[in-house]
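**Q** Chain by chain, the residues:
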Amino acid sequence: MSRIFILTKNYLKLIFRAKSVLIITVIGALVVMAALTNVFHTLLDQAETGEEFTIGYEMDDDSRYSAVEEFLKEGFEEEGMTVIEYSDADPDALIKEEKIDVFIDFEGDSYSIKGRSNDEIDARIVQYVLYNVDHMMNGDMGKVEIASDKIEAREQADADTYYTIVQTVYFSSLCSIFLCLVYIAERKQNIGIRFRSSTAGGAHIYLSKLLACTLTAWLTMALVTGGLALFLFDIKLGCPLTSIGILLLTILAFVSFGMLFLIIFDNPAAAIGFLFMVLWFSGYAGGTFETYMLSSMSQSVKELSPLYYVNRTLVELSVNGQSDYLGRCLMVLTVMSAVSIVLGMFITSKKKGV
Amino acid sequence: MNDTVVRLDGLIKKYDNRAVVDGLSLEIREGEIFGLLGPNGAGKSTTMNMICSLLKPTAGQIELFGYNTKTDNKKIKPLIGYIPQELAIYGNLKAWENVELFTSLYGIKGQALKDAIDESLEFVKLSDKRNAFAKTFSGGMKRRLNIACALGHKPKLLIFDEPTVGIDPQSRNFILESIKAANKKGATVIYTSHYMEEVEAICTRIAIMDNGKIIAIGTKNELKDMVRKNRDEDISLEEVFLTLTGKKLRDYTEG
Ligand SMILES: Nc1ncnc2c1ncn2[C@@H]1O[C@H](COP(=O)(O)OP(=O)(O)OP(=O)(O)O)[C@@H](O)[C@H]1O
Ligand SMILES: [Mg+2]
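Respectively, the protein sequence lines represent chains P and U.
Numbering-wise (our numbering), the first sequence opens with residue 1 and increments by one.
Numbering-wise (our numbering), the second sequence opens with residue 1 and increments by one.
If you are wondering where the hints come from, they were derived from the structure by calculation, not from laboratory data.
Warning: the hint list may mix true and false statements.
[Claimed, not checked] Label-pair ranges, simulated between beta-carbon atoms:
no.	chain 1	residue 1	chain 2	residue 2	range
1	P	T199	U	R228	22 to 32 Å
2	P	L343	U	I12	14 to 24 Å
3	P	V39	U	G91	33 to 43 Å
4	U	T71	P	K9	31 to 41 Å
5	U	P78	P	I27	45 to 55 Å
6	U	K185	P	K350	29 to 39 Å
7	P	M1	U	R228	36 to 46 Å
[Stated by the list, open to error] Dumping the calculated DSSO-like pairs for lysine-lysine here, alpha-carbon to alpha-carbon at most 27 Å:
no.	chain 1	residue 1	chain 2	residue 2
8	U	K135	P	K19
9	P	K9	U	K70
10	U	K180	P	K351
11	U	K142	P	K188
All C-beta atoms, glycine included, are put in the ideal place defined by N, C-alpha and C.
Same shape as in the complex, but just chain P (with noise of 0.2 Å):
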């Protein structure tokens, strides 16, 4: 214990006595995320508020929404849409025609929708409000079961929100840059010497770098989130205890995945290099610069990201104040923790940390 703890303290040393580098990262990263938020802002902003957006619909005598048509349009129209009832109507032809956007069948206990394949935010629009009255219609008669599908299209985070979130979680996956700190000072002073001919073992030289660049990065992140919430935007984290508990478990998972890398590879340069592509793949897939909701990749694509539970569950629980992700979310970090660690330090012990 002893050993770690005079360890850790002293690479925290060495990690804060590059103080340009830490002052850099929570810099870099505030511009950074800001910037990229408003790009991304004006991007959904435009995507959002396009022209005038017309719904046509079939409703059935029989379908269970029939009770709440007035109350269906009502909605739509509240979102800025135009609604038109048809029957026996050809929807493609007035696709086509541009008479409508997007047309909706009720029929018995469901409803399809079809519109132009350009539109799809607008058709999420659409699978918006319906879920909506879905879920209202849920809690006064407790029968109607919602398809996965449809629950995606329910979180409307505004951008902000939406992007603070993602980038938040994007730059906590990058903190474990900090052990380079570390590692290039320990290649160079041919530390590993010291290490290998005492008797402190792999777990002590693992545990020690893992326990003191994790706290660097909690203390960054949050210095970084701190600097947004107060000065650019107004974040709003849903279940702060929960969302705070799933930022730090992502970081400990990302720092102890990062680290493997610096491991592995002799070469700390090479190693961060191969890890920032697989962080980008991860974010690229995870909803971090395209939102994962209009993203038009592969669910099985998008879940191969941890970022994509981690963006989830945090943009689910800011939005809704519960995510059905949570528990996937909080097993993919566990296990990435768990894993990490385990082969860290096996292979440290192999090696002996340098």
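Given chain P, work out where chain U with the ligands should sit, using these hints.
**A** Relative to the frame of chain P, chain U with the ligands by itself:
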């Protein structure tokens, strides 16, 4: 018999089938300052690394304090203080922090750790520089700190691998004196160098090594006796080396 600190038996290290250390056998007894003298590339560091379990021998046995390195590594390590040829200190840590970190690796903590830091720094006369960053040190001071970092756990066997390379004569004398002092306090010392005068000045017994093999071993007078015709002839270790190997030691070392 049980005062044997180091026993090497047929020690071999091969890289790509080239024997860098080639069948080394020797014994070092408690209280000795044992000198390992040889030109660059003789295999001195390789031998030291194997003694410290930093390298696995290709063949042969190493026994330290009666323990075999293959089976009793854990018992051996706390008994050795290894001062590597290449500096191994953190430039961005202060002198005392370097000693603290490397001493703590042996599980030493609390007051014992504090005392060890003070004593180690005092031993190499860096007490007044304890709060200075190692990167601001001169070459000689770095060498001294490098030594201090291996003393904190109070090892019984000190292994110095060319501790005087590239430093001024004053620092060199200081280091040689410290080695003698450590030896007086009870530590057995292995000292490798390619400087004859140093080895001649401090070592109680000397092995001359070339191409991975020990060519001669003994006290400096025994070594000289192997070469000189009569006892009064005054020759240097340099000449001993030349006669035994047919090569000049300096030819290797100064280039
Ligand atoms: N990892 C390695 N792979 C291949 N050859 C090596 C390796 N390490 C050392 N050698 C070779 O082994 C030989 C002995 O090296 P060693 O460092 O033991 O010599 P030395 O006596 O300590 O020399 P110096 O006085 O320069 O420190 C050298 O020829 C070196 O090139
Ligand atoms: Mg050497």
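**Q** Give a verdict on every hint.
**A** Tested hints:
1. For T199(P) paired with R228(U), a C-beta distance near 47 Å fails the hint of 22 to 32 Å.
2. With their beta carbons about 34 Å apart, L343(P) and I12(U) fall outside the hinted range of 14 to 24 Å.
3. Checked against the hint of 33 to 43 Å, the pair V39(P) and G91(U) passes, with Cβ atoms roughly 41 Å apart.
4. Between T71(U) and K9(P) the Cβ separation comes to about 34 Å, which falls inside the hinted range of 31 to 41 Å.
5. The beta-carbon spacing between P78(U) and I27(P), approximately 46 Å, falls within the hinted interval of 45 to 55 Å.
6. At roughly 36 Å, the beta carbons of K185(U) and K350(P) sit within the given window of 29 to 39 Å.
7. In this structure the supplied range 36 to 46 Å is violated for M1(P) paired with R228(U), their Cβ-Cβ distance being about 60 Å.
8. Of the pairs offered as hints, the one joining K135(U) and K19(P) holds, with about 16 Å between alpha carbons and a cut-off of 27 Å not exceeded.
9. A distance of roughly 33 Å separates the Cα atoms of K9(P) and K70(U); the hinted pair therefore is violated under the 27 Å criterion.
10. Taking the CA atoms of K180(U) and K351(P), the gap is about 34 Å. The hint is violated against a cut of 27 Å.
11. Taking the CA atoms of K142(U) and K188(P), the gap is near 15 Å; set against the 27 Å cutoff, the hint holds.
Checked against the numbered hints given earlier, the structure breaks hints 1, 2, 7, 9, 10 and satisfies all the rest.
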